[in-house]
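Protein chains: 2
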Amino acid sequence: MSAIMMSGKALAEEMNSEMLEMVNNLKTKGITPGLVVLLVGEDQASQTYVRNKAKRAEKLGVHSLVKRYPNTITEEELLNEIDRFNRDADFHGILVQLPLPKQINAEKVVNAVDSKKDVDGFHPLNMGKLLIGKPDKIACTPYGIMKLLKRHQIEIAGKTAVVIGRSTIVGKPMAQLLLMNDATVTMAHSKTQNLAEVARTADILVVAIGRGNFVTKEFIKPGAVVIDVGMNRDADGKLIGDIKADEVAKVAGYLTPVPGGVGPMTITMLMYQTIESAKRI
Amino acid sequence: MSAIMMSGKALAEEMNSEMLEMVNNLKTKGITPGLVVLLVGEDQASQTYVRNKAKRAEKLGVHSLVKRYPNTITEEELLNEIDRFNRDADFHGILVQLPLPKQINAEKVVNAVDSKKDVDGFHPLNMGKLLIGKPDKIACTPYGIMKLLKRHQIEIAGKTAVVIGRSTIVGKPMAQLLLMNDATVTMAHSKTQNLAEVARTADILVVAIGRGNFVTKEFIKPGAVVIDVGMNRDADGKLIGDIKADEVAKVAGYLTPVPGGVGPMTITMLMYQTIESAKRI
Chain A
1 MSAIMMSGKA LAEEMNSEML EMVNNLKTKG ITPGLVVLLV GEDQASQTYV
51 RNKAKRAEKL GVHSLVKRYP NTITEEELLN EIDRFNRDAD FHGILVQLPL
101 PKQINAEKVV NAVDSKKDVD GFHPLNMGKL LIGKPDKIAC TPYGIMKLLK
151 RHQIEIAGKT AVVIGRSTIV GKPMAQLLLM NDATVTMAHS KTQNLAEVAR
201 TADILVVAIG RGNFVTKEFI KPGAVVIDVG MNRDADGKLI GDIKADEVAK
251 VAGYLTPVPG GVGPMTITML MYQTIESAKR I
Chain B
1 MSAIMMSGKA LAEEMNSEML EMVNNLKTKG ITPGLVVLLV GEDQASQTYV
51 RNKAKRAEKL GVHSLVKRYP NTITEEELLN EIDRFNRDAD FHGILVQLPL
101 PKQINAEKVV NAVDSKKDVD GFHPLNMGKL LIGKPDKIAC TPYGIMKLLK
151 RHQIEIAGKT AVVIGRSTIV GKPMAQLLLM NDATVTMAHS KTQNLAEVAR
201 TADILVVAIG RGNFVTKEFI KPGAVVIDVG MNRDADGKLI GDIKADEVAK
251 VAGYLTPVPG GVGPMTITML MYQTIESAKR I
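Chains as they are written, first to last, in our numbering: chain A, 1 to 281; chain B, 1 to 281.
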């Protein structure tokens, strides 16, 4: 027996077609969805991420602009730029690529983005709407995982879900989304005792801890749906997840591969929320 | 063996002394903490709640104003009133007594209160700050429960906590506060299967479901800390909690009574947050 692989790559492709149609519809109404990405400094990883986002936007007919600023930009200057894009009707999504240089308070910058244009879903107002159960913009990674679960018609209501990892951008919003869908949700983390035992109660297990191959078959209830959010490099520089895929695949019912599982969904949901944001104007 | 009773009444008294001192300190600096309560219509229960809040404020030297509006007030008129108090430096806390009449969108009204004056902790921005783990104003009932746990030196880190009930004003913020304190937290609710079994994993069990005597001894891990948020009336009109106290007290290590447990903490934290809000001006 081997787990069914849940391909984020395949779903992203499906959603691309759907989004292309959404964009074309908008264009017939004279609206072109626009996304501006603010990039400060020369961080290599950030450059790559931003390039990928711009490429994807272009593929979907979303107008994208990458605004580059020197590493020496002041907080005030950056806040002024955000204010400008908040008021610019051509852009329905604003993304500030993190990390930011030390002289800038990242929290303040994230909070300055108009929550309606916060297509990343990181703004505290959007986090609050999610906690209240009336989400608007949603953090892209957990939102993408929900899409994957729905695509595979995974039943969530009444099920036991365990989320390992409590980051603001993955674990916490993930737990709220599962709760909204009537799962009984346990939030586990580095201070959790008997972590394998807790994980083994899960019909749906989401792992986002950033430790390569950490989750072994002892963590898995037979037949469980297992979601691997990890993106780690092994000693050889190979991309690996938080889950020891080879052995877990023999116990789980469903599993997301790394790469090609959760990864492709994050950028997909970023585009999706940008287009949705444009629809509401 | 019988559970140690965690008296909210006693802690509220202690905190009253502390708060009196805080208010006196503020007054020497020329600041009098101010709370305005907006009351629409003639709802009997609301009248009582508002009276109690005003009485408590007076006792602590907090300036309080109860603004009454007829049941026929429009949403726009009420929003204008809120705007006025948002800008009135004499008031550090604004509380809109719920429920509101049908013609008024309660969500819109709650969102209109300046989040810095949202001493109830219901504003989505405050909910979001809590989810992010950087709380400002916190929903008063769960905040009061945290004070009770700390007062009794209950260890939270690494413990298993179960919250039954997922309301916006109790269950959800409660789960976040326990998580922030490094508990492993399960959010359970009406759709949870094997609820007693889930509850029995809890070192700390918080019950907020609004069903009298629902939780029996079968739900309790021996020695657990059990918090009863329920306020129900039995057939004779007597106030009872969600927990069958007589039998649970024989199994639990700690238990909050009803009345006199969680109840007195809610209004206490409302005052506390009003005073804290005044300190920051």
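Each hint should be verified, as a subset may be incorrect.
When chains are identical, the list treats them as one kind, so a pair holds in a single copy or across two.
[To be verified] Here are the simulated EDC-like pairs of lysine to aspartate or glutamate, each with C-alpha atoms no more than 16 Å apart in a straight line:
(1) Lys134 / Glu107
(2) Lys191 / Glu75
(3) Lys217 / Asp246
(4) Lys221 / Glu81
(5) Lys27 / Asp90
(6) Lys55 / Glu155
(7) Lys191 / Asp203
(8) Lys221 / Glu76
(9) Lys67 / Glu197
(10) Lys29 / Asp234
(11) Lys102 / Glu155
(12) Lys67 / Glu247
(13) Lys27 / Glu13
(14) Lys147 / Asp114
(15) Lys191 / Glu155
(16) Lys29 / Glu77
(17) Lys108 / Asp136
Derived from the structure by calculation, the hints contain no laboratory data.
These are the hints, each one checked on the structure:
1. In this assembly of identical chains, the alpha carbons of Lys134 and Glu107 lie at most 16 Å apart only when taken from different copies (11 Å versus 23 Å within one copy).
2. For a Cα distance limit of 16 Å, the shortest separation of Lys191 from Glu75 qualifies neither inside one copy, at 35 Å, nor across copies, at 47 Å.
3. Within a single copy, Lys217 and Asp246 get their C-alpha atoms as close as 9 Å, which meets the 16 Å cut-off; across copies the closest is 43 Å, which misses it.
4. Neither within a single protomer nor between protomers do Lys221 and Glu81 lie at most 16 Å apart by alpha-carbon distance, with minima of 49 Å and 55 Å respectively.
5. For a Cα distance limit of 16 Å, the shortest separation of Lys27 from Asp90 inside one copy, 13 Å, qualifies, whereas the shortest one across copies, 51 Å, does not.
6. Within a single copy, Lys55 and Glu155 get their C-alpha atoms no closer than 34 Å, and across copies no closer than 50 Å, so neither meets the 16 Å cut-off.
7. For the identical chains of this complex, Lys191 and Asp203 are inter-copy neighbours only, at 15 Å across copies versus 22 Å inside a copy, given an alpha-carbon limit of 16 Å.
8. Taking the closest pair of Cα atoms, Lys221 and Glu76 never come within 16 Å of each other, the shortest separation being 51 Å inside a single copy and 54 Å across copies.
9. In this assembly of identical chains, Lys67 and Glu197 lie within 16 Å of each other by CA distance neither inside one copy nor across copies; the values are 47 Å within and 54 Å between.
10. In this assembly of identical chains, the alpha carbons of Lys29 and Asp234 never lie at most 16 Å apart, being 49 Å within a copy and 60 Å across copies at closest.
11. Taking the shortest alpha-carbon separations for Lys102 and Glu155, neither the intra-copy value of 44 Å nor the inter-copy value of 36 Å comes in at or below 16 Å.
12. For a Cα distance limit of 16 Å, the shortest separation of Lys67 from Glu247 qualifies neither inside one copy, at 44 Å, nor across copies, at 65 Å.
13. Proximity of Lys27 and Glu13 under a CA criterion of 16 Å is satisfied in neither setting, with 21 Å inside one chain copy and 64 Å between copies.
14. In this assembly of identical chains, Lys147 and Asp114 lie within 16 Å of each other by CA distance neither inside one copy nor across copies; the values are 25 Å within and 35 Å between.
15. In this assembly of identical chains, the alpha carbons of Lys191 and Glu155 lie at most 16 Å apart only when taken from different copies (13 Å versus 29 Å within one copy).
16. Taking the shortest alpha-carbon separations for Lys29 and Glu77, neither the intra-copy value of 35 Å nor the inter-copy value of 36 Å comes in at or below 16 Å.
17. Only between protomers do Lys108 and Asp136 lie at most 16 Å apart by alpha-carbon distance; the minimum there is 15 Å, versus 20 Å within a single protomer.
In the structure shown, a violation is registered for the earlier hints numbered 2, 4, 6, 8, 9, 10, 11, 12, 13, 14 and 16, in ascending order.
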